[in-house]
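Residue numbers (the working numbering), protein chains in the order written: chain A, 33 to 238; chain B, 4 to 97.
Incorrect hints may appear among the rest.
[What the hints assert, rightly or not] Computed list of lysine to aspartate or glutamate pairs in DMTMM-like fashion (alpha-carbon distance at most 25 Å, straight line): (1) B/Lys69 to A/Glu150; (2) B/Lys66 to A/Glu144; (3) B/Lys70 to A/Glu47; (4) A/Lys120 to B/Asp68; (5) B/Lys66 to A/Asp45; (6) A/Lys50 to B/Asp93; (7) A/Lys118 to B/Glu41; (8) A/Lys119 to A/Glu60; (9) B/Lys69 to A/Glu207; (10) B/Lys69 to A/Glu47; (11) B/Lys70 to A/Glu60.
Just so you know, the hints here were simulated from the structure itself, not pulled from any lab data.
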Amino acid sequence: MEQNAHGAHTHYDAEASKIGMWLFISTELLLFGGLFIVYSIYRYLNADAFHLAGEELNITIGAINTVLLLVSSMTIAMSTSTLQLKKKGATLGLLAVTIIIGLVFLVNKYFEWGTKFEHGIFPGSEHMLNEFSQGEILFFGLYFVMTGLHALHIIVGLIVILFAVVRIQKGTVHENRAALLENAGLYWHLVDLIWIFLFPLFYLIH
Amino acid sequence: MSEEKHHIVPYRVYVFVLLALLALTFASIGITSIELGEFTVAAALIFACVKTFLVLTYFMHLKYDKKYIVAMVIFVFAIFFAVIVITFLDYLYR
């Protein structure tokens, strides 16, 4: 990562940026890690209710969203290669695809949550309090908090990628100053990584 | 592999990794649809861990990074694992 193309006035240290990003990613992993532990403990204590509640979730939508995130992870990873190869157009194109896929993911999530809301499943709903057991309420509480926090990360990731797009367009991010794009990529992969665990834990394990 | 400057990962590596990730996703959907009882959770988590390894190694470039960054990541996962073990020891033996 040693680059000597220092700008006249701005400091640039790709390696330090990378370390900083990884430290931040570490805190994010532990944040979601803590939530996963909460989930596992409650699942252990309410196995039957979690089993029942999990069947409410639509595996197809979950699977589509998984595929979307995996593909978008590939496109942003590829964009780091195209940037190194000085293919600006291809880089911007791949990032545009990444952003579009991220938006489609959010739209899916909107409809998925919307269906739950229509069925009276949302935190604090009368329907849940009257009809659901304690364990099922816990399951949906965790479902909304964890997928919601994940969706928030998607939104942040999209904004970061958008910054990278603008800077690449302006030419201030290029093959010798790629840290912003590299770090945007790392963040997007983190979001993907979290979903890799959310999907089986909520949708698949019955 | 190539010059010290910056490793440019060939596109095909990313395509292969994506195909592997998609295959693992569908495999995990398949295996959890079978009634395996207690093993369903284990199977789903094993698939997720393999996918995580692929994403960290290739998409997040750990394979091409300096070793101390890999050590940092392993350290975080080790802490996380330790917390899981301690928490479950508490719940299982209280």
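Now the hints, each set against the structure:
The hinted pair formed by B/Lys69 and A/Glu150 fails the criterion: a straight-line CA distance of about 50 Å is larger than 25 Å. A C-alpha spacing of about 36 Å is found between B/Lys66 and A/Glu144, which places the hinted pair above 25 Å, so the restraint is violated. Taking the CA atoms of B/Lys70 and A/Glu47, the gap is near 13 Å; set against the 25 Å cutoff, the hint holds. For the given pair, A/Lys120 sits about 24 Å from B/Asp68 by alpha-carbon distance, which is consistent with the 25 Å threshold.
For the proposed pair B/Lys66 and A/Asp45, the alpha carbon gap of about 21 Å is at most 25 Å, so the pair holds. Restraint check for A/Lys50 and B/Asp93: the C-alpha separation of about 37 Å exceeds 25 Å, so the hint is violated. Under the criterion of a C-alpha separation no larger than 25 Å, the hint pairing A/Lys118 with B/Glu41 is inconsistent with the structure, at around 51 Å. For the suggested pair A/Lys119 and A/Glu60, the alpha carbons sit about 32 Å apart, so the restraint of at most 25 Å is broken.
The suggested pairing of B/Lys69 with A/Glu207 holds, with an alpha-carbon distance near 19 Å, which does not exceed 25 Å. Straight-line distance between C-alpha atoms of B/Lys69 and A/Glu47 comes to about 10 Å, which keeps the hinted pair within the 25 Å bound. Proposed proximity of B/Lys70 and A/Glu60 is supported: the alpha carbons are some 21 Å apart, at most 25 Å.
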